[in-house]
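**Q** Protein chains in written order, with my numbering: chain A, 1 to 455; chain B, 1 to 455.
No lab work stands behind these hints, which were simulated from the structure alone.
Built from N, CA and C at the ideal position, the CB exists for glycine as well.
Careful, some of the hints might be misleading.
Derived Cβ-Cβ restraints for the label pairs, each shown as a range [as the list claims (entries may be wrong)]:
(1) A/Gln363 <-> B/Asp224: 57 to 63 Å
(2) B/Gly369 <-> A/Ala429: 24 to 30 Å
(3) A/Val396 <-> B/Asp224: 36 to 42 Å
(4) B/Gly339 <-> A/Lys205: 34 to 40 Å
(5) A/Arg308 <-> B/Pro381: 53 to 59 Å
Computed cross-link-like contacts, SDA-like style, restricted to lysine to any residue with a CA-CA straight-line distance of at most 25 Å [said to hold, decoys possible]:
(6) A/Lys205 <-> B/His87
(7) B/Lys163 <-> A/Leu84
(8) B/Lys395 <-> B/Pro10
(9) A/Lys163 <-> A/Ile249
(10) A/Lys205 <-> B/Arg70
(11) A/Lys205 <-> B/Phe85
(12) A/Lys395 <-> A/Ala304
(13) B/Lys321 <-> B/Ser67
(14) B/Lys349 <-> A/Asp224
(15) A/Lys205 <-> A/Arg405
There are 2 protein chains.
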Amino acid sequence: MSYPVLHVPPEDYGLLTDLYQLTMTACYVGEGLDERWASFELFTRHLPGDYGYLVAMGLTQALDYLSHWRFSTEHLNALKQTGLFDHAPAEFWPRLASGSFTGNVWAVPEGTIIFAKEPILRVEAPLWQAQIAETYLLNAINYQTLIATRAARLRDVAGPTAKLLEFGTRRAFSPQGAMWAARAALAAGLDATSNVLAAIQLGRKPAGTMAHALVMAFTAMAGDEDEAFDAFQRYFPGAALLIDTYDTIAAAERLAERIKQGQTQVASVRLDSGDLVELSQAVRSRLPQAMIFASGDLDEYEIARLQRAGAVIDGYGLGTKLVTGAPVNGVYKLVEIDGMPVMKESNSKTTYPGRKQVFRRFQEGQAVGDRLALMEESPAPGEQPLLQRIMEHGKVVQAADSLERIAARTAASVASLPASIRQLEAPDAFPVEISQALQQLTAHTSRHRVPQLSA
Amino acid sequence: MSYPVLHVPPEDYGLLTDLYQLTMTACYVGEGLDERWASFELFTRHLPGDYGYLVAMGLTQALDYLSHWRFSTEHLNALKQTGLFDHAPAEFWPRLASGSFTGNVWAVPEGTIIFAKEPILRVEAPLWQAQIAETYLLNAINYQTLIATRAARLRDVAGPTAKLLEFGTRRAFSPQGAMWAARAALAAGLDATSNVLAAIQLGRKPAGTMAHALVMAFTAMAGDEDEAFDAFQRYFPGAALLIDTYDTIAAAERLAERIKQGQTQVASVRLDSGDLVELSQAVRSRLPQAMIFASGDLDEYEIARLQRAGAVIDGYGLGTKLVTGAPVNGVYKLVEIDGMPVMKESNSKTTYPGRKQVFRRFQEGQAVGDRLALMEESPAPGEQPLLQRIMEHGKVVQAADSLERIAARTAASVASLPASIRQLEAPDAFPVEISQALQQLTAHTSRHRVPQLSA
Chain A
1 MSYPVLHVPP EDYGLLTDLY QLTMTACYVG EGLDERWASF ELFTRHLPGD
51 YGYLVAMGLT QALDYLSHWR FSTEHLNALK QTGLFDHAPA EFWPRLASGS
101 FTGNVWAVPE GTIIFAKEPI LRVEAPLWQA QIAETYLLNA INYQTLIATR
151 AARLRDVAGP TAKLLEFGTR RAFSPQGAMW AARAALAAGL DATSNVLAAI
201 QLGRKPAGTM AHALVMAFTA MAGDEDEAFD AFQRYFPGAA LLIDTYDTIA
251 AAERLAERIK QGQTQVASVR LDSGDLVELS QAVRSRLPQA MIFASGDLDE
301 YEIARLQRAG AVIDGYGLGT KLVTGAPVNG VYKLVEIDGM PVMKESNSKT
351 TYPGRKQVFR RFQEGQAVGD RLALMEESPA PGEQPLLQRI MEHGKVVQAA
401 DSLERIAART AASVASLPAS IRQLEAPDAF PVEISQALQQ LTAHTSRHRV
451 PQLSA
Chain B
1 MSYPVLHVPP EDYGLLTDLY QLTMTACYVG EGLDERWASF ELFTRHLPGD
51 YGYLVAMGLT QALDYLSHWR FSTEHLNALK QTGLFDHAPA EFWPRLASGS
101 FTGNVWAVPE GTIIFAKEPI LRVEAPLWQA QIAETYLLNA INYQTLIATR
151 AARLRDVAGP TAKLLEFGTR RAFSPQGAMW AARAALAAGL DATSNVLAAI
201 QLGRKPAGTM AHALVMAFTA MAGDEDEAFD AFQRYFPGAA LLIDTYDTIA
251 AAERLAERIK QGQTQVASVR LDSGDLVELS QAVRSRLPQA MIFASGDLDE
301 YEIARLQRAG AVIDGYGLGT KLVTGAPVNG VYKLVEIDGM PVMKESNSKT
351 TYPGRKQVFR RFQEGQAVGD RLALMEESPA PGEQPLLQRI MEHGKVVQAA
401 DSLERIAART AASVASLPAS IRQLEAPDAF PVEISQALQQ LTAHTSRHRV
451 PQLSA
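Let's have the full structure, built from the sequences with the hints guiding it.
**A** Right under this line is the structure:
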């Protein structure tokens with residue numbers, strides 16, 4: 001437990017939870033409820049922003065957590081020393097000490113399109129095990145689902161041949177945040193990340209260009225921007241040259257002249273400032289053979305705007321607006337305990353009770369509607385169930401997908417959606433129907449006896 | 001290097017950088033520039049959103065990184081296997097293998113108020129060492145500065161006696177992001193975090209209440225919300241009761257009745273949904289002795305609105321809007337190499353050249369203006385220099401501050417600001433003057449011969 005690093009190695013997963021998960025566990029133990037079989041579902045109440053869909057991501061890290069959390073003697077001592085558990089039942093401590101995850105997990109595969117109110121994942125386990133997992137599971141799935149959704153939207157807008165590079169590490173929220181962003185971005189269709197450690201851990205080749213500092217250093221030492229370009233190409237032939245440090249068009253004109261004189265070759269350039277429409281056109285006319293990369297606070301909306309305005313850009317570096325911003329607000333709610341369906345009925349935060357399945361209806365390869373149903377319901381003709389059994393009795397029962405496979409699933413999932421759901425501005429709501437059986441169960445379970453909830 | 005965890009232990013710090021930092025290092029080595037003494041400054045071009053100030057944070061993690069990054073044989077092999085360095089100069093590999101940080105760091109202490117264009121930190125080191133550090137330093141300081149600024153604003157709005165609890169782990173961007181958010185929030189004035197691992201690593205007591213799941217589980221099993229409250233209080237006397245799972249006012253009325261009958265005591269309650277103004281007033285009138293906590297997408301603007309509307313709330317749980325959202329966009333720019341000042345002149349991204357100091361002028365304890373100056377300038381009467389020498393020749397020369405000390409510095413820094421800078425809506429710009437000497441150096445250094453830049 002090494003301050004100041006404040007990272008979360010697997011041996012400390014047990015404590016990576018909100019305090020109340022542990023105090024509630026103590027209460028469950030004291031009251032004999034801790035081993036009751038409980039089901040929690042993870043879902044979002046609303047899609048964030050004006051997103052028409054979400055791309056589920058983060059299951060791999062969720063499973064890693066469930067497979068590894070334990071409570072060591074050191075952990076228990078640290079908890080005791082807080083003084084917060086002085087009245088906890090005696091059996092609380094052995095329960096933690098001997099515990100590991102023994103439950104089941106159902107989830108949609110990573111790269112699956114999902115909509116509001118549809119479970120991304122369900123944990124079925126002894127109540128206390130399912131309870132303490134809430135914090136980490138939400139953390140893992142909320143963030144990667146956000147990044148994957150944005151990556152899928154970027155790919156959808158930029159087209160299949162555009163080079164999309166993840167450059168967000170310096171703006172990501174912690175080093176591990178950067179690593180997870182890189183993973184989710186690659187898994188949902190970006191081509192590469194500049195994060196060397198992430199790329200190597202993920203078995204991919206990192207990508208990048210050059211920074212203004214190199215141009216400035218060479219200009220100061222050698223008096224010439226071109227010397228920076230030549231020097232860099234000596235060691236990285238074909239590397240992208242960053243040409244906007246001083247005067248973009250002048251730099252492009254000098255390079256064009258030097259190409260003509262056989263003094264250099266330019267495979268690609270990067271523009272990081274200025275009017276990307278004008279500059280990309282000016283650079284293309286001067287360096288017609290060079291691939292043009294753009295960067296600088298880009299997102300899918302800006303790429304669409306650049307395209308409409310006639311920019312000629314072959315690749316994009318995506319950073320700040322890919323890896324930060326408003327989150328996916330997934331929640332994790334108890335839906336069944338001891339076989340009894342339950343629901344929350346707080347103002348505007350009502351949940352559907354019971355263990356659920358999502359059936360997606362396809363017509364000629366296109367997704368045309370979802371049905372949120374109870375697990376025991378059967379698919380109608382043309383419907384496919386989305387949630388799959390991933391863990392059984394604490395063991396993972398499906399091999400992890402490769403990033404490439406997840407990326408292919410993401411692309412196919414997006415392609416299966418109607419254009420009106422994929423559009424950036426004011427997308428239509430995908431039709432998600434609540435099954436008759438679920439409506440009846442909801443009405444029956446409600447303490448308020450609400451006859452029917454809207455989807 | 002353990003996929004799927006994707007975390008960043010200190011032994012892998014070397015590779016936690018953008019690829020171009022390493023390719024530029026190879027170029028510097030090949031061209032004999034790698035050991036030139038270079039200075040980079042970390043600053044923001046603009047304050048984010050409508051913030052009137054920033055609270056610098058993250059230096060502790062930045063120093064941890066600088067003290068520990070190394071390149072192991074395993075790292076070098078992984079880099080070689082990418083094939084990207086096939087033309088790198090032979091001396092590149094021993095340079096990495098033998099490298100560690102041998103430079104100096106100047107920085108403002110954590111908890112210092114800082115404005116746009118003012119350096120938060122400066123690295124002075126052999127060019128390659130300063131270059132590869134960019135990615136991690138920005139990551140560490142950008143995020144924690146964002147969280148600390150929000151925490152300071154929350155404390156400023158909520159007042160010194162409000163209980164402010166950090167509840168953001170489930171929404172934070174990765175587990176380590178949650179840990180860093182907890183640290184920065186506590187260091188800038190929040191009272192506690194619900195993140196157990198973060199609290200323990202930071203030597204603090206975690207905090208929390210109870211979740212809807214507990215209420216729902218007891219209601220399902222025992223048929224009664226009150227049974228959930230009683231059970232929880234058996235093990236956690238005085239714990240806050242979450243009373244909005246079904247009907248907030250009905251729950252408060254039942255508790256009031258049971259208090260009257262001597263059946264229970266209620267020290268505090270939490271409201272997580274509904275109209276917090278009405279509900280808090282209704283609960284206060286029924287449970288006048290109970291402390292009222294509120295949670296649910298709160299931020300400093302919402303707290304101010306609740307206060308104006310007459311809500312009676314004693315404490316707040318801060319999550320999503322504290323730990324996610326738009327980032328602080330710090331940048332890290334070369335300002336001097338081999339004693340020569342340099343500057344970037346890209347469109348609207350121009351930087352000031354040279355090694356700089358910030359002098360803050362105080363009158364009767366109030367900060368009245370800053371002067372961005374060159375390091376060699378002297379403070380005028382009443383001015384205090386903000387940047388301090390933190391590392392010398394790779395060694396930390398100032399003991400790390402405790403969280404408590406940083407929190408005290410944050411509070412004092414905020415208190416020293418005029419109200420017009422602290423206000424949430426459309427704060428004034430704090431006066432930051434550019435010294436005559438820096439203006440002259442800028443004009444002299446510019447290749448465009450821009451006579452004077454606006455602050």
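**Q** Any hints from earlier that this structure breaks? Give me their numbers in increasing order, please.
**A** When the structure is compared with the hints, numbers 1, 2, 12, 13 turn out to be violated.
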